[in-house]
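Here is how the chains run, residue by residue.
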Amino acid sequence: MVLPLPLTRSKPTAESPVEFMARSHRLRWYELLPWVVAAGAFLVYPSYLALGAQVMIMVLFALSLDLIMGYAGIVTLGHAAFFGVGAYTAGLLAVHGWGEPISALFVSAAVAGVVGAISGYIVLRTTGLTLLMLTLAVVSMLNEAANKAGSITGGADGLQGITLQPLLGLFRFDLYGRVAYIYCALVLFAVWLLVRLLVHSPFGRSLTGVRENLVRMHAIGAPVHRRMVTAYAIGAALAGIAGALQAQTTQFVALNVMSFDLSGAVLIMLILGGVGRLYGAFLGAPLYMVAQDMLSRLDPVYWFFWIGLLLVMVVMFARGGVLGVGDVIWHRLKK
Amino acid sequence: MADCLSLNHVSAGYAETVVLEDLSLTLPEGGTLAVLGRNGVGKTTLMATVMGHTTVHSGDISFLGKNLRTMPVHRRAASGIGYVPQEREIFHSLTVEENLTVAEQPGEWNIARVYELFPRLAERRRNMGNHLSGGEQQMLAVGRALMSNPRLILMDEPLEGLAPVIIDLLVAAFHRLREADGLTIVLVEQYARLALEFAERAIVLDRGRIVHDGPSEELRNAPDRLAALFGVVG
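Top to bottom, those sequences are chains A and B.
Quick note: the first sequence uses the working numbering, first residue 39, plus one each step.
Quick note: the second sequence uses the working numbering, first residue 4, plus one each step.
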């Protein structure tokens, strides 16, 4: 019998894959930066807390898209469908007497997740342009359904009359948005931890495999469709949480929470920040919202032109978004 | 010994294009088969057909008695067929360890055993897939196939473009898989000499058909016959 001649005397690892991943994906100091910034903004800009809460909701929404698009490689134009489902679920629960916000978040996540699983099971059998069009069809159909069901959703006038109980029975949502800000920050933190855990788990690594080489993943025995649907449903549930937060903090649900425009906007946010990086959402969403705020003041009618131009610049000169530019600078400095 | 793989009058190809024509072969459990032939005669298509990547127009394929004809690709892999593709197709965004982990199925083969077979991979465990040499990528491709705990392993030109020292290492590993682990191995290879020394049996393909099927020894001892069938003796 011929045995292989080892090139080295390395001993095989005794670590399990989970232990290895836990060790190699330990929390780094720079991962705490967004939370330091959020805490600082709370203290330094007390009159902008409502805007801050909206930014965090969009970060959460973009983070949910990153899981689907950045890790599983599913390109979608219909992610706002799940944001909208979450927003309407939380809004309708509150209107009909379920004003407890945290449990409503869980219900919204579950409903959006189920919608994601059902639609994902169907649309993820396709790829490319067909998939893109089907995701667009899902958001358009749900938008039209919400519009037609005006007696339930408020239709084009929006869902009004949302009243919430104090958070944990103690903290009433105040006019200055302090409670809403802290609530959004804590929910975002919890979701970020969950997504971080997920992308560094064997499941998350297999999503990266799916994104990189679908055929190869099939050939190594991975149930690709099931994993893609699972990722899509989880992303949908997280988008549902973002939508529910939006409904709870603004106490209003407009029809545009379930629109192609919002799907496009969150896509732009993620591309600006950097896709598949976990932190792209944390940079892209604030960048987009600040740019939107500034540009709409400078040019109230054609502000979106400038957003488009910014996107073109990023695509041409910074393919990995802001994080990609950061990578290039970092590597040059290291040399 | 029971049949591990059986192809019965299989015609297959890509969509309407037929590449393999009326191909039949059986391979017993623990057997080794070298698939030889010039470029473009259907060797890779044969591997792809067993894995389910092609359109089967007629005939039956079975693995350990199970009909593969309608079985999806991932179920074939999960049922015990490992595949080492010609292009290796390592996941570049994953580390060596993660490349192995994503393929893990319950069974005897695990990361520690793969590292034992290829100690070089243990050293490179934290390297990303695109930070490996060609030989290391090939070891990883074989290791990843083993992580699914196959009974049959299909290797498509695993020695192509590698340095002689790495070829020796891989061939030694293949011998170990055959002798110590009793794996059934199908080896597609341009290096006819190496393939014939390794496998007990050899087939030669030409234009999608088997033009020779017999013990490897026959071709090893008849270089003229091999040259006539194959064109170039490796």
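Hint data in this document are derived by calculation from the structure and do not stem from the laboratory.
Where hints are given, some of them may not hold.
[As the list claims (entries may be wrong)] Derived CB-CB ranges, DEER-like:
1) B:R212 - A:L236: 56 to 62 Å
2) B:T20 - A:T165: 20 to 26 Å
3) A:F227 - B:A5: 54 to 60 Å
Given the structure is predicted, the values throughout are model-derived calculations rather than measurements.
Don't be surprised by glycine CBs; every beta carbon is placed ideally from N, CA and C.
Hints and how they fare:
For R212 (chain B) paired with L236 (chain A), a C-beta distance near 50 Å fails the hint of 56 to 62 Å. Take T20 (chain B) and T165 (chain A): their Cβ atoms lie about 22 Å apart, and the range 20 to 26 Å holds. Restraint check, F227 (chain A) to A5 (chain B): a C-beta distance of roughly 57 Å satisfies the suggested window 54 to 60 Å.
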